[in-house]
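Asker: Residue 5 in this note's numbering sits at position 5 of the sequence shown, and the numbers go up by one each step.
Quick caveat, the hints were computed from the structure, so don't treat them as lab data. Predicted model, so just to flag it, every value in this text is computed and none were measured. Check before you lean on any hint, since a few could be wrong.
The list that follows gives simulated cross-link-like pairs (lysine-lysine, DSS-like), each with its CA atoms no further than 27 Å apart [what the hints assert, rightly or not]: (1) 16 <-> 44; (2) 64 <-> 17; (3) 99 <-> 64; (4) 64 <-> 16; (5) 44 <-> 64; (6) 67 <-> 16; (7) 44 <-> 99; (8) 16 <-> 99; (9) 99 <-> 67; (10) 99 <-> 17; (11) 67 <-> 17; (12) 44 <-> 17; (13) 44 <-> 67.
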Amino acid sequence: MFGKLTELLFLNQVRKKLSQYNINIVHFLQGRIRLQSHTWIVNKDLVLTLVDRMNQEHFIYQVKFTKETGSLLINYDTAYLTTGEEMENWFSILDDVYKQHYGSEKEG
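Put together the whole structure using the sequences plus the hints.
Answerer: Next up, the structure:
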């Protein structure tokens, strides 16, 4: 029970951070998360930069973009990504990429 509660609190924290960029969690399973944003449908450069940066992370196996739905499927190593501190690395990538494309930390 404690593990499930911790997971729910963690997901709420992640959802809050992602909402700053108009990104939604479509589904989440250990080792696999699908994110979706309308912004990614219309801004190909942004999403390709994001995919490239995330694919450079050693704990991420694969990031796949689906243009039709504006979604990213991220497969990652669950042994590495277990705490909020480690998840901050993903947020740092988002911050950097969005700042590069929009000139600020948050999407327009």
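Asker: The structure should be examined with respect to each hint, and the outcome stated for every one.
Answerer: Each hint, compared with the structure:
Annotation: proposed proximity of residue 16 to residue 44 holds, straight-line Cα distance about 24 Å (limit 27 Å). Pair hint residue 64 plus residue 17 holds up; C-alpha atoms about 21 Å apart against a cutoff of 27 Å. Distance check on the hinted pair: residue 99 and residue 64 sit about 22 Å apart at the alpha-carbon level, within 27 Å; holds. Taken as a hint, the residue 64 and residue 16 pair is honoured in the structure, with Cα atoms around 23 Å apart against an allowance of 27 Å.
For the hint pairing residue 44 with residue 64, the CA-to-CA distance comes to about 13 Å; that is within 27 Å, so the pair holds. With a C-alpha separation of about 24 Å, the suggested pairing of residue 67 with residue 16 holds against the 27 Å cut-off. With a C-alpha separation of about 15 Å, the suggested pairing of residue 44 with residue 99 holds against the 27 Å cut-off. Pair hint residue 16 plus residue 99 holds up; C-alpha atoms about 18 Å apart against a cutoff of 27 Å.
Among the hinted pairs, residue 99 with residue 67 is consistent with the structure: their alpha-carbon atoms are about 22 Å apart, no more than 27 Å. For the given pair, residue 99 sits about 15 Å from residue 17 by alpha-carbon distance, which is consistent with the 27 Å threshold. Between the alpha carbons of residue 67 and residue 17 the distance comes to roughly 23 Å, so the proposed pair stays at or under 27 Å and holds. Between residue 44 and residue 17 the CA atoms are separated by roughly 22 Å; this keeps the pair inside 27 Å, and the hint holds.
Distance check on the hinted pair: residue 44 and residue 67 sit about 8 Å apart at the alpha-carbon level, within 27 Å; holds.
Against the hints set out earlier in the document, no violation occurs for any number.
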